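Number of protein chains: 2
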Amino acid sequence: MNNSHLIIPRKLQGFWELMPKQQMLFSSFLNTIEDTFKENCFVPLDTPVLEYSETLLAKSGGDTDKEVYRFTKGSTDMCMRYDLTVPLARFVAMHKEELNFPFKRYQIGKVYRGERPQKGRFREFYQCDADIIGNETLSLVADAECVSLFEKCFKALKLDVEIHLSNRKILAGFIQEIGMEEKSTYIFIVLDKLAKLPYTEIVSQLKEIGLSQENSEKITKIAQLSGKNEEILSILRNFSKNQLFCQGIDELEETNKYLKSFGATAVTFDLSIIRGHNYYTGTVFEGFIKGKEELGAIGGGGRFDNLCSYFSDKKMPGVGMSVGVTRLFDILLKENYFNLEKYNEIECAIITFDDTLEEGLRLTTLLRDNGVRADCLYENKTFKSKMKEANRRNIKYVLIVGSDEFQSKQYTLKNMATSSQEKLPIEKIVEKIKDDRMCE
Amino acid sequence: MNNSHLIIPRKLQGFWELMPKQQMLFSSFLNTIEDTFKENCFVPLDTPVLEYSETLLAKSGGDTDKEVYRFTKGSTDMCMRYDLTVPLARFVAMHKEELNFPFKRYQIGKVYRGERPQKGRFREFYQCDADIIGNETLSLVADAECVSLFEKCFKALKLDVEIHLSNRKILAGFIQEIGMEEKSTYIFIVLDKLAKLPYTEIVSQLKEIGLSQENSEKITKIAQLSGKNEEILSILRNFSKNQLFCQGIDELEETNKYLKSFGATAVTFDLSIIRGHNYYTGTVFEGFIKGKEELGAIGGGGRFDNLCSYFSDKKMPGVGMSVGVTRLFDILLKENYFNLEKYNEIECAIITFDDTLEEGLRLTTLLRDNGVRADCLYENKTFKSKMKEANRRNIKYVLIVGSDEFQSKQYTLKNMATSSQEKLPIEKIVEKIKDDRMCE
Chain A
36 MNNSHLIIPR KLQGFWELMP KQQMLFSSFL NTIEDTFKEN CFVPLDTPVL
86 EYSETLLAKS GGDTDKEVYR FTKGSTDMCM RYDLTVPLAR FVAMHKEELN
136 FPFKRYQIGK VYRGERPQKG RFREFYQCDA DIIGNETLSL VADAECVSLF
186 EKCFKALKLD VEIHLSNRKI LAGFIQEIGM EEKSTYIFIV LDKLAKLPYT
236 EIVSQLKEIG LSQENSEKIT KIAQLSGKNE EILSILRNFS KNQLFCQGID
286 ELEETNKYLK SFGATAVTFD LSIIRGHNYY TGTVFEGFIK GKEELGAIGG
336 GGRFDNLCSY FSDKKMPGVG MSVGVTRLFD ILLKENYFNL EKYNEIECAI
386 ITFDDTLEEG LRLTTLLRDN GVRADCLYEN KTFKSKMKEA NRRNIKYVLI
436 VGSDEFQSKQ YTLKNMATSS QEKLPIEKIV EKIKDDRMCE
Chain D
36 MNNSHLIIPR KLQGFWELMP KQQMLFSSFL NTIEDTFKEN CFVPLDTPVL
86 EYSETLLAKS GGDTDKEVYR FTKGSTDMCM RYDLTVPLAR FVAMHKEELN
136 FPFKRYQIGK VYRGERPQKG RFREFYQCDA DIIGNETLSL VADAECVSLF
186 EKCFKALKLD VEIHLSNRKI LAGFIQEIGM EEKSTYIFIV LDKLAKLPYT
236 EIVSQLKEIG LSQENSEKIT KIAQLSGKNE EILSILRNFS KNQLFCQGID
286 ELEETNKYLK SFGATAVTFD LSIIRGHNYY TGTVFEGFIK GKEELGAIGG
336 GGRFDNLCSY FSDKKMPGVG MSVGVTRLFD ILLKENYFNL EKYNEIECAI
386 ITFDDTLEEG LRLTTLLRDN GVRADCLYEN KTFKSKMKEA NRRNIKYVLI
436 VGSDEFQSKQ YTLKNMATSS QEKLPIEKIV EKIKDDRMCE
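As given, the protein sequences belong to chains A and D, one line each in that order. In terms of my numbering, the first sequence is residues 36 to 475. In terms of my numbering, the second sequence is residues 36 to 475.
Worth flagging that the hints you see were computed from the coordinates, not collected in a lab. For clarity, every value in this text was computed on a predicted model and none was experimentally measured. Any given hint might turn out to be false.
Copies of the same chain are indistinguishable here, so a pair counts whether it falls within one copy or spans any two.
[What the hints assert, rightly or not] With a cut-off of at most 30 Å between alpha-carbon atoms, the simulated DSSO-like pairs for lysine-lysine come out as follows:
| # | residue 1 | residue 2 |
| --- | --- | --- |
| 1 | K145 | K108 |
| 2 | K325 | K228 |
| 3 | K295 | K416 |
| 4 | K369 | K154 |
| 5 | K349 | K423 |
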């Protein structure tokens, strides 16, 4: 056959797409996070995927520009969003007179980065963000709420998370004290590698930047402090009298106090948490899956001084959290973390014969109306092939609707796992399937 | 103050964005539709927003090309999807060996059309699609299932829908009989205007295409047939013996039989339903809100012979339904259809004092853990201003946590609507708030 007219069906390289069963699971993953956001009184926002380039690139620079999907249509220069924070800033700046502050919003949506495809990185991926924006001021309670919300998301996902918490002001204060403020970005970049490089390498890179041997060692030691949270605080208290440094400690302590009120249990102080982004100014945190720390952070967040600085002179401090849900799910999937067999869109397959198709459809509808995910195998096949299909697809129950059953209104329900079967009226069938769910 | 450095925050023209309360409502709208899809055993799909231009424009032509957001990055020519059907075709063609057929998938996602902004039309909007794809063959039960699913979506949304159902083969058969097959596209375009133009105008436009006076009148009369479904069928039965025509009637009758089994109640035959798209080949239907017919169709769907014709020589017939949810919601919103006051992200505001903030946060957490959407008004304000805020934001309950309450563990719960208040332990507060929900 000549099929030269055909186009080869391909999806774009570096783009993520799941098969139905995996997608069912991922959707419920996203729903779980969304429910957690709602339970904590965050409101949803759904900004457009496209924005004016002027808006989206206002605060970016360096690599972001290169990665962004930017194009013109007509005379409009536009971009696909590369995060959910800049659109939030644009929205808040546009509507600041109408919103309730602190403005607690969440957004779960896809973002786009045209980076070189590599393991665990995708060009289109979901971000699950929750942020609290203040009008002029914002209490440290908001910081604790975001950290605790992050923990709650993972609890809801039944993943064992460990949160590493710091406050940037501590290291920034030390850097100020030793008079290296203008080099702070470089110092942070080096300290950010603490998890990957040995102590001596970090110290030597800091010296290259211009720090003395003593200060290089001191700051590395601060960043490496470990132990109980209270112990770390008391060591820090004796370290420096720099005002910013002390403020950082106070804030960390206060945030931790509120965290306890919020019931957070998985928080450890870790001064090595830098969290890349330059805009974080106070609280910073990252989450790791216990026993899977080698995966790196699976999300995090922090406090920023001013969300809307590019759009407004009004000060709008904020604090937020974000779950890197596409990467996380992709890893868990590849590790066979999920029992995919458990997920089936069909609970009960209805098998009919030529003269019972309509009765079968009626029963399918009745079961669905009663909350049972029933589906009628209505494609014209033999009884045997339908049973085979139900078996192959791992469907738990089969409901057989023959003429006898049609007459007696007692239908044969077969449990495919145990092969046991019995004739029951439809109400009993609903009951039985639902009872069995409870036992799982 | 010099703020010349500021960028004016703007969203792109023609793009839709809701304020938080409206978005809460819209999200629950989408969730309701998604739940309906799941209850009927459809599986989710989430294809990328971007596709190769070659893929996306394979079957398009004419206006679609102009409306599409198309650009290149590196050497890749790509487009933002303008519907969810072409990505489905690409997916099915790629994975046909791995999928279960009939393949019942749903997708709720944004699509992009850069058309000139006009009332009720947006450049980014949601489509809620559910389709059933067969492998070589597909029973008419699938057609009935899609029509019935469409009705179920609106029932779940508590909107009174009326579905107009036809089968394209009927008119196509008549056109075949009068030897005007090569003009059928034009004839369908004219008949598609039946709701807007008077009978005489339709007839005269058909004559312009080349139909005789008699045939122009005949086909217009078929399209205009009204009455009970059974009456329409019996009139049609005597109209023509053309094979395609008769097949169309048989299919319509059979689909209707299955529709009854599925419990559909809101279906009327209406031969004037054409449903634009050229690819529909059998069943076609559109939905209207009762009493709001002037809004036009708020969704619909139909049967297509071959989903994957551009990608594969294998025949994959399909039938689908789609809800135009962005336009629908936008209209309902503008008509003040929703009682927005009822929607509040906060059920209970917790008001604390300097010495009870931590106790307040603890209670907030406790309430949330027990399913109450509680939020602590923790920004540093006076009691009076906090009460005012709870009032302005229309929050139903306020929980006052003063030192007395802290001591006695009996907290003051105030119903803001009735102004009644009482001191209760926290378990009773949870109970009371939940009981009151039931009474609403």
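Hint numbers contradicted by this structure: none
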